[in-house]
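Throw the hints in and build the complete structure from the sequences for me.
So the protein sequences, as listed, match chains A and B. Residue numbers for the first sequence follow our numbering, so the first one is 564 and each next one is one higher. Residue numbers for the second sequence follow our numbering, so the first one is 479 and each next one is one higher.
It is worth saying that the hints were derived from the structure and are not from the lab. Certain hints may be false.
From chain A, some residues computed to sit far from chain B (all C-beta separations above 10 Å) [to be verified]:
id	residue
1	Asn641
2	Ser667
3	Met704
4	Gly714
5	Asp751
6	Pro775
7	Gly789
8	Ala854
For the chain A half of the interface with chain B, some residues (derived, Cβ under 7 Å), not all of them [said to hold, decoys possible]:
id	residue
9	Ala732
10	Gln833
11	Leu850
12	Tyr851
13	Ser852
14	Asp853
15	Glu857
Just so you know, these numbers come straight off a predicted model, no measurement behind them. Note that the Cβ used here is the ideal one computed from N, Cα and C, for glycine as well.
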Amino acid sequence: MVIIGENIHVIARAVSVAIRERDANVIRDLAKAQTEAGAGYIDLNVGPMKKDTEETMEWLVNTVQEVTDLPLSIDTMNPVAMEAGLKHCKKRPLLNSASGKTDSKEHMLPLAKKHNCNVVISVITDKGMPPDVDSKIESIMDTAAYANELGIPNEDIWVDPIILPVSTAGEGQRFAVTNLEFLKILEDVLPGVKSTVGLSNVSNGVPDELRPVLNRVYLVMLGKTGLYSAIADPLDKELMSLIKGEMAKIVELIHKTMDGEDIDLAALSQKEVEYVKTAKVLMGETLYSDAWLES
Amino acid sequence: MEYKAPVEAYTGVVREVTIGKGNKSLKIGGENILPLHFFDQGSNPNPAKFALEVLDMEPQDWPEHLIQPFKDVISDPVKWAKKCEELGADAVFLRLVSTDPAVKDSSADEAAALAKKVAEAINVPLIIYGSGDDKKDAEVLPKVAEACDGMNLLIGPVLKENYEIVGKALLDHGHNASALSPLDINLLKELNVKLGKFFPAEKIVIDPESAALGYGMEYSFSLMERVKQIGIITKDNMTMMPIIADLGGECWKTKQAKETKAQGLLWEGMTALSLLLAGANILVLRHPESLKLIKEMIETR
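Here you go:
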């Protein structure tokens, strides 16, 4: 699994201040730490970036490239900022992201062709978020076909099914399950495509101390259904251990839960029980509440 | 070819909760079928019950046609409660509205004394609700629980903000808890989990909030439906509790119910019928004629 390190993100106040004040050390430290932790890409989430776009992107991309050889993921909805970032990348970058919206098809997708890069394409269209597996597949097939016509091969497309918070009343758990099903059939309908997700959104709205376990378990589950990469926190050591196969017993427990096998909770440690309970919530087997580990 | 209707069997059973003691008691819940699915395998041993609402002070904003049936007793909560019993209520629901700091801020001791008087005067079980102000209820409800020690009443609303203190008092004095969360299944479950850590699950009733017809009733409907499905179909331990639908107050707040008596009766009757279909086990009404209406409707089934 390729981890696209998410920590250079303008929502983090330290990062937005560092970008505004050109404080290279903050950015370099984050890039270095993520590289050492085993990230495969460094994501640069710069938001809409309306001011000094060209100059800021050049500075940011170069600052990061001073300390890492990893390829970059340029993460913005603004096509001007996107192009400004892409053109300074030394390694083949990831355009993050395009979608099936008309605006994105016209202004983002052509950039992926022009700069010969990998491109994240989400299932969103002009109609919004497709509500179920079938409509997600239908929408990504349309957008992928459009990209193919522009000359972008399936191998360069990283499909994003869009993760929503599991805690959203009623619908959140259904969406969590829908994405697992979507990934299972993606390879069959679009041979050669890769996949990615914005992992931490699954735990958005959940009390901070409970977020990591949801992120970790969901990543293992998504991995089982064939996920290629995830935008996630490489500084979460347990998350990295899980995907590197260093916690085989926990991974096996999560897989068994997904397969509906009976698990004797009494024979497990507290921590293992928590992993199993979390997997059951993400499978939609037990109703979510903030107290899911306590019941 | 002969058609054979499919028959479903479920694994979950809603806990049976007894409110009151001896011949002054009733049971709610206990079903292992979805609401009114009498064609499926299983049963509902305790058909829905109906309570009539009494306030602890003379109502300030009730229309004339709602006051009318209680005209001679409306300034005396004890007499009013007895009247509800005469009018066929399965239980009396006493709302301590005067304790609300924004109303009269009357004291916890006064409220407790009244609650005890009402409980002793009637021959049907009593449900008692505080004003809904979480801080004031944390003072009032423990006093009420103590004054009515051992009577096994249903007392609420137990909220996320005060479940520890109120829950403990209810436990110490042998009552049932009505746990209220604002129209959200995840919050509802969380409250039950937290309360259930020290309070017996078989003495918890779920109040998911009941909105009136035309004022968001569909949210309450879907939520109750989902609570029942998750409890009865998927056997979620923390949603297998009976549901109380506290709907009378919401209905009689509407412009339509205030306008004319006929509209008011239908508003309350239709809301009650809908929430009954969604799975409510005990419903709280205000007007004796809508009570009669809905009882007739069920009995002619």
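Outcome of the hint check:
1. Asn641: holds (35 Å)
2. Ser667: Its Cβ never comes within 10 Å of chain B, the nearest being 33 Å, so this holds.
3. Met704: Check passes; 33 Å lies beyond 10 Å.
4. Gly714: holds (46 Å)
5. Asp751: Consistent with the label, A/Asp751 stays out of reach of chain B, its closest Cβ about 30 Å off (over 10 Å).
6. Pro775: About 19 Å separates A/Pro775 from the closest Cβ of chain B, which puts it past 10 Å; holds.
7. Gly789: Non-interface label on A/Gly789 holds, nearest chain B Cβ at 27 Å vs cutoff 10 Å.
8. Ala854: violated (4 Å)
9. Ala732: Holds - the Cβ of A/Ala732 comes within 7 Å of chain B, reaching about 5 Å at its closest.
10. Gln833: violated (16 Å)
11. Leu850: Cβ of A/Leu850 sits 5 Å from chain B, so the hint holds.
12. Tyr851: holds (5 Å)
13. Ser852: Holds, because the Cβ-Cβ distance from A/Ser852 to chain B comes to roughly 4 Å (cut-off 7 Å).
14. Asp853: At about 5 Å, which falls below the 7 Å cut-off, the nearest Cβ of chain B leaves the hint on A/Asp853 intact, so it holds.
15. Glu857: At 6 Å from the nearest chain B Cβ, A/Glu857 passes the 7 Å test, so the hint holds.
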